[in-house]
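Visitor: Residue-level listing of the chains:
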Amino acid sequence: MTEMKIMMIDRTLWVSALKALPIEQLLSFTTELSKDWAIRSKSIPQSGLGMLRLNDSAFEEAFYLGEFPLASAWLEIETSDGLIAEGAAQVMDDRIEAAEALALCDAVLSAQLPGWEQLNKMLDQGMEIRESASQNRKHMLASTKVDFSLLDEVAPDAMEGKNAES
Amino acid sequence: MGYVAIKGGGEAIEGTKTVFDYLRTRQGDTAKPLDTDTIEHQLRLLHSRVISEGGVYHPRLASLAIKQAQGDTLEAAFVLRAYRSTQPRLVETPALNTENMRITRRISAAFKDIPGGQMLGATTDYHLRLMRMDLLDESPERFCAVAKEWFTKKTETDIPDSVIPDTFPKVLESLRNEGLLPSVDGTARNRDPFDITREPLIFPVPRSAALATMARAEQGSLLAIAYSNMRGYGDVHPTVAELRVGYLPVMLPHPITGELTEIGEVEITECEVVAMYEEQGSSSVAGGRMPGATEDEEGNDKPTFTLGYGACFGHNEVKAISMAILDRALQAGMKNGPRNPSEDPEFVLLHVDGIDSMGFCTHYKMPHYVTFQSDMDRLRTTQQKQNNKEQTI
Chain A
74 MTEMKIMMID RTLWVSALKA LPIEQLLSFT TELSKDWAIR SKSIPQSGLG
124 MLRLNDSAFE EAFYLGEFPL ASAWLEIETS DGLIAEGAAQ VMDDRIEAAE
174 ALALCDAVLS AQLPGWEQLN KMLDQGMEIR ESASQNRKHM LASTKVDFSL
224 LDEVAPDAME GKNAES
Chain B
244 MGYVAIKGGG EAIEGTKTVF DYLRTRQGDT AKPLDTDTIE HQLRLLHSRV
294 ISEGGVYHPR LASLAIKQAQ GDTLEAAFVL RAYRSTQPRL VETPALNTEN
344 MRITRRISAA FKDIPGGQML GATTDYHLRL MRMDLLDESP ERFCAVAKEW
394 FTKKTETDIP DSVIPDTFPK VLESLRNEGL LPSVDGTARN RDPFDITREP
444 LIFPVPRSAA LATMARAEQG SLLAIAYSNM RGYGDVHPTV AELRVGYLPV
494 MLPHPITGEL TEIGEVEITE CEVVAMYEEQ GSSSVAGGRM PGATEDEEGN
544 DKPTFTLGYG ACFGHNEVKA ISMAILDRAL QAGMKNGPRN PSEDPEFVLL
594 HVDGIDSMGF CTHYKMPHYV TFQSDMDRLR TTQQKQNNKE QTI
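Quick note, the sequences are listed as chains A and B, same order.
So the number in the working numbering is just where the residue sits in the first sequence, counting from 1, plus 73.
So the number in the working numbering is just where the residue sits in the second sequence, counting from 1, plus 243.
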C-alpha cells in the first residue's frame, strides 16, 4: 500500500513538495537520518543563479526574463547496511545545505532506503501545503470573478455609449 | 585656487554610514526593526518593483535590499543587481510558457467573455482613492483578524478544478485561430536569446534584447516613454488582450533522470496588447518579412492586428502594459525607422534602466573639482579676452 503511495507523487514534484515544508524540519530530518551514512558528492555542490528563459506569448520568441537563486547537489549515499544510492536536486534557494538535503531525500525515496516511509509522509505534507496554497489562490479568483451576465440586462444603446466613453 | 585632491573624506564617509543607520532607528524605544517577511507581504508592490528592477527573483534579498536602502527603490534594485554580479551562473531553464502560470488575476479589455472568465484578483483599479483612516491606528488584533476571517471563509469549501482550473488558455489564441493575428515564426523559439547580462547593447539589437532590457527596466522610465506614445508621439493605441498575474513554475531537468522537475515558482505579470492592423504588404522588411507577418493562400501579406508583449518579475501591471506598448512601438521603429522617441530602440533601451540612469544622475554629486576648475579657468580666460578687446576698442 505504501509502495503504491510513493508512486502517486511523481519524482518531478519531490523537490517542490519538500520545499513547501519548513527548511528546518527537512534539515533536522536528513541530518538525523544520515548520521551514520557515508555521503560522497558526485559533483561539487554549488549555489549561484539560474537564468529564466521565457517564450513570449505574442510571437513565441524566447527571451531572458531574469535570474533566480539556485543551489544544486548530486550525492552518492552508502547506508550503514552497505546500501548505495544516488540522489540529486536543484532548488530555487541559495543555500547549498537545502540542495544537499533534497538530494539526500531524492536518493532515499528513489532507492527506498531506510527512512523512505517517513519521507513519503513528508512528501504528502508538502503536497497538502501546496494544495492549500493553490486553493487560496483559487478562492481569490473565485471571489473576484466578474459576472458579465448582469451586463445583458443593460440596453445595447447604453452599452454603446459606455464603450464610446472609454 | 589650484588642484584640489580628494583626501580627508574617509572619516566623513564612515560617518555617513552611522548617520544613515541612525535615521533608520531614531523612532525610539517603541520601534521594532522591519523584518524581511513584513516587507515582502505588507509592502508587496514595492517589493515586486525592486525584485523586477533588480533582475533577480530573490524575495528575501529583495526585502533586505529595501530595508537597507530605507525604501529607495533605485538604491534597493542597485544592491540586488550588485549581489547578482557576485554569483556564478549555473544553468539556464528551457524556454518556459506562461500558459502554465498559476493565475491570481486575469483580465481582458478586448473581450468580456474570455475562456475561463475574467478574475480581478487583488487590485485597487476600482477602489475610491480615499484615505483609509482606520489603518492609521490599526491594532495587531484587527490586523490578524483580517487574515483569519479570510481563511475561515475559504476553508468552508474547496474549489474544484472544473470551476477554477489550475491554468488558463491565452486570450490571443482565439484571435490567432480566427486569423486576425500575425502567424508565429516557428524558428523564433529555438533562436538563442540575447543575454543583456553578458553582452553590451550594440545596435541594431534583436527583439529578445529589447524584451530582456525592458523586463528589468525602471517602471517610471518605461511608463514615461510609453505615455509619450499613448498621448500622441506615436500611434500604438493598444487594447489589452490579456493581463495576467500569477506564479510560473520554474522547471529544470533532473540531474539524474533528465525529466523536467519543478524547482520553485516565480510571480510574474504578463501583458499582451493588440494594436492597429498592418495594411497589406506592409509587413515586409528589408531582408525578409516582419516577424510574425501572415500570408494568405496566394502568398500575399494578409492584414492582421499587430502585437506588443510585456512581462516582468513580480506584480507590476503598469510596467507590463508600458513594456507591451513599447515592444509594439519598437517593432514599428525597427521595421520602418523611428518616427518618434518611443519607436527608437537606441533611445528607449539606453534610457530605461534604473541603475544606469540613477548612477549617471548621482555621479554628478561626486567631486568634479578638476573639471569644474578647468571650466572656471576657461570662463576667466574668455572674460579676460573680452575685457582686453573692449579696452582696445
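A portion of the hints provided could be inaccurate.
Each computed BS3-like pair below joins lysine-lysine, with the alpha-carbon atoms no more than 27 Å apart [as the list claims (entries may be wrong)]:
{"no.": "1", "chain 1": "B", "residue 1": "Lys608", "chain 2": "B", "residue 2": "Lys545"}
{"no.": "2", "chain 1": "A", "residue 1": "Lys218", "chain 2": "B", "residue 2": "Lys275"}
{"no.": "3", "chain 1": "B", "residue 1": "Lys608", "chain 2": "B", "residue 2": "Lys310"}
{"no.": "4", "chain 1": "B", "residue 1": "Lys608", "chain 2": "A", "residue 2": "Lys218"}
{"no.": "5", "chain 1": "A", "residue 1": "Lys218", "chain 2": "B", "residue 2": "Lys355"}
{"no.": "6", "chain 1": "B", "residue 1": "Lys310", "chain 2": "B", "residue 2": "Lys355"}
{"no.": "7", "chain 1": "A", "residue 1": "Lys108", "chain 2": "A", "residue 2": "Lys194"}
{"no.": "8", "chain 1": "B", "residue 1": "Lys275", "chain 2": "B", "residue 2": "Lys310"}
{"no.": "9", "chain 1": "B", "residue 1": "Lys396", "chain 2": "A", "residue 2": "Lys218"}
{"no.": "10", "chain 1": "A", "residue 1": "Lys194", "chain 2": "B", "residue 2": "Lys608"}
{"no.": "11", "chain 1": "B", "residue 1": "Lys260", "chain 2": "B", "residue 2": "Lys275"}
{"no.": "12", "chain 1": "B", "residue 1": "Lys275", "chain 2": "B", "residue 2": "Lys391"}
{"no.": "13", "chain 1": "B", "residue 1": "Lys260", "chain 2": "B", "residue 2": "Lys608"}
Since the hints were derived computationally from the structure, they do not count as laboratory data.
Visitor: Next, verify each hint and record whether it holds.
Guide: How the hints compare with the structure:
no.: 1; hint: Lys608/B to Lys545/B; verdict: violated (55 Å)
no.: 2; hint: Lys218/A to Lys275/B; verdict: violated (39 Å)
no.: 3; hint: Lys608/B to Lys310/B; verdict: holds (23 Å)
no.: 4; hint: Lys608/B to Lys218/A; verdict: violated (51 Å)
no.: 5; hint: Lys218/A to Lys355/B; verdict: holds (12 Å)
no.: 6; hint: Lys310/B to Lys355/B; verdict: violated (41 Å)
no.: 7; hint: Lys108/A to Lys194/A; verdict: holds (21 Å)
no.: 8; hint: Lys275/B to Lys310/B; verdict: holds (13 Å)
no.: 9; hint: Lys396/B to Lys218/A; verdict: holds (16 Å)
no.: 10; hint: Lys194/A to Lys608/B; verdict: violated (59 Å)
no.: 11; hint: Lys260/B to Lys275/B; verdict: holds (20 Å)
no.: 12; hint: Lys275/B to Lys391/B; verdict: holds (23 Å)
no.: 13; hint: Lys260/B to Lys608/B; verdict: holds (17 Å)
Figure legend: structure checked against the earlier numbered hints; hints not met, in rising order: 1, 2, 4, 6 and 10.
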